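Okay, here's what each chain looks like letter by letter:
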Amino acid sequence: MNTLFDKIWDAHTVRTIDGGSCVLYIDRQYIHEVTSPQAFAGLRRRGIEVFRPAQVTASPDHNIPTQNQHLPIAEPQSAEQVATLERNCAERGITIFPIGSERNGIIHVIGPQTGLTQPGMTIVCGDSHTSTHGALGCIAFGIGTSEVEMALASQCILQSKPKSMRINIEGELKKGVCSKDIILYIISKLGTGGGTGHFVEFAGSAIRSLSMEARMTICNMSIEMGARGGMIAPDQTTFDYLKGREFAPQGTAWDEAVERWSKLRSDDDAVFDKEVTFSAEDIEPMITYGTNPGMGIAINSEIPTSDDMDAASKASYAKALNYMGFAEGEKMIGKQVDYVFVGSCTNGRIEDLRAFAHFVKGKKKADNVIAWIVPGSKEVERLAIEEGLKDILNEAGFELRQPGCSACLAMNEDKIPAGKYCVATSNRNFEGRQGPDARTMLAGPLVAAAAAVTGVVTDPRELM
Amino acid sequence: MRNKFTTLISTAVPLPIENIDTDQIIPARFLKATTREGFGENLFRDWRYEKDGTPKQEFVMNSPIYSGEILIAGKNFGCGSSREHAAWAIDGAGFRAVVSSFFADIFRNNALNNGLLPVTVSEEMLQAIFSAVNENPATEIKINLEEQTIEIVGSNKRESFEIAPYKKQCLMNGYDDVDYLVSIRQEIEEFEKTR
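Top to bottom, those sequences are chains A and B. Here this note's numbering is used: position 306 in the first sequence is 306, and no number is missing along the way. Here this note's numbering is used: position 8 in the second sequence is 1008, and no number is missing along the way.
Because the hints were derived from the structure by calculation, they are not lab data. Worth double-checking, as some hints may not be accurate.
As the list claims (entries may be wrong) - Incomplete in silico selection of chain B near chain A, CB under 7 Å:
| hint | residue |
| --- | --- |
| 1 | ILE1017 |
| 2 | GLU1018 |
| 3 | ASP1021 |
| 4 | LEU1031 |
| 5 | ASP1046 |
| 6 | ASP1105 |
| 7 | TYR1166 |
| 8 | VAL1178 |
What the hints assert, rightly or not - Simulated crosslink set (SDA-like; lysine to any residue; CA at most 25 Å straight-line):
| hint | chain 1 | residue 1 | chain 2 | residue 2 |
| --- | --- | --- | --- | --- |
| 9 | A | LYS365 | A | ASP338 |
| 10 | A | LYS415 | B | GLY1038 |
| 11 | A | LYS415 | B | THR1034 |
This one's a predicted model, so the numbers in the text were calculated from it and none came from an experiment. For each residue, glycine too, the CB sits at the ideal point set by N, CA and C.
For reference, chain A alone in the conformation it holds in the complex (with noise of 0.2 Å):
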């Protein structure tokens, strides 16, 4: 009567000390150079040496820029912070994709991409959207710096095991709603804490439904309904991805694994802390209009109004839709855009390019929009290329720009002005994310190529 997590974690606790914080074993170990350099530098002032390096991969994507990637980093502090990542990882014997090869990207693009992320393990990362691997049916969440500390020291951390929860999704997905839209839709309706002290296991039939991608998407955004992350029970469509990639395991050694991971789901009569279920004929394509993920409303709706709120949930709302400069009881559909943002470890992979290039093929950009479409790695890039996606985009007036995090969290050049709109498809719209008094909306990549090339919020399924 075991939950899938439970069977995973519980195959890696080494030693629960008092209390219940558990001793986790970890598999891998992903780092990049924002959240990395004082965790080298107290292993470095403690005088100790990577416990396991082999299990731990590097890639810079935070600050790196979107273009020019063959010159050296113009900004002097991200420039510092690459060359401390590369030189950390010369000097504990640690693999990194450097910036401009051809197996560098987003860390969690990269991860299943090359076959590194694999059903059954552990693995962390010094960033939220760790959460992502777990569409390949693996426990995998971000954690600080002092945690990713102890991991290169111990490849262990101490954790005290979440609670569990199923969302299942049920049921046939409308035409023109994607991944984005179901995991907007989810986090609309238990909100930005709904998922705290707990890990979500996916389920459903409109989740089995869905490609590895697409799965990805959804888990990548179960931290910003609080949860420890999220994750999906591995099954063909899991094997069909992960089979003669890089580092997925090969010949024999291929068939035992997948016997293995065969036995990686919820026992029938496993018990979950937290259960709901949705059905998938409800969702709309989303769009939020707020400063927090769980602001999202059906892109044909209006701005909810604050009449059942509480006094303090009413002063944190009305600071909110001030911010974006909304007013409550509004329609979305028309709203101004300035800029589009595709790309990030959300929706920066291969599907997501495929949508919003066949969406904009012999459609024009909006003369008012700004576009940046960034892929989320190298081998993206190389595919959009190879696909022919790239001369489809530039058709239409849009260029693809180099991969990186770029204006997810804007730690690069790739901000958004003051006051301006963007239609993003990154995960998240707190207030400044994307730049200093920006304003996001958040939405799936079909939402995101009608906003392009009409210049106003719009429905997708109106030009499909």
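Chain A is already provided as a structure; the job is to place chain B on it using the hints.
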């Protein structure tokens, strides 16, 4: 070895906003340092300062009325990014505890790993603290980690709070997890052989 946390009696800085995310606590553009120091000056940067660096008078940290080592915040504090810089910034600005009715998981861990105590109280207690501090900014809050209690000094408002026993010991003794994990490396090696 970090500072030990036992009992804290202090006035408090109230921030009655819900869902304060780590991008507000420390915006991403300030994450480019390679050391842990100096984040305190950019705590709540865009709420606290104008673009030119002038303090925004209406923000509570710029008010001469409120001060103290305890930050009181609305529910779901610390949601969003896993950046530990958020805990470093709060610590760096001189706070030793954050009180809210609900904390995001990663932030809570990060705070605990830096000797910054997250105290979860009931929504009722949280509102009582906001009212008390609002009425009299000299109101003191007492947090006793040993007994796991928080009270508004001079009132009958008192609550107990939860903390994992191991984490409590770490805070009270100034230990950290890396020392502990390195000390059991041999057991971890044995565990690896069984897999």
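How the hints compare with the structure:
1. ILE1017: holds (5 Å)
2. GLU1018: Holds, because the Cβ-Cβ distance from GLU1018(B) to chain A comes to roughly 4 Å (cut-off 7 Å).
3. ASP1021: For ASP1021(B), the interface hint holds, since the closest Cβ of chain A sits about 5 Å away, which is under 7 Å.
4. LEU1031: It holds, given that the least Cβ distance between LEU1031(B) and chain A is near 5 Å, below 7 Å.
5. ASP1046: Hint on ASP1046(B): holds, closest Cβ of chain A at ~5 Å, below 7 Å.
6. ASP1105: holds (6 Å)
7. TYR1166: holds (4 Å)
8. VAL1178: At 5 Å from the nearest chain A Cβ, VAL1178(B) passes the 7 Å test, so the hint holds.
9. LYS365(A) with ASP338(A): holds (12 Å)
10. LYS415(A) with GLY1038(B): Holds: LYS415(A) and GLY1038(B) sit about 24 Å apart, inside 25 Å.
11. LYS415(A) with THR1034(B): holds (22 Å)
In summary, the structure agrees with every hint in the numbered list given earlier.
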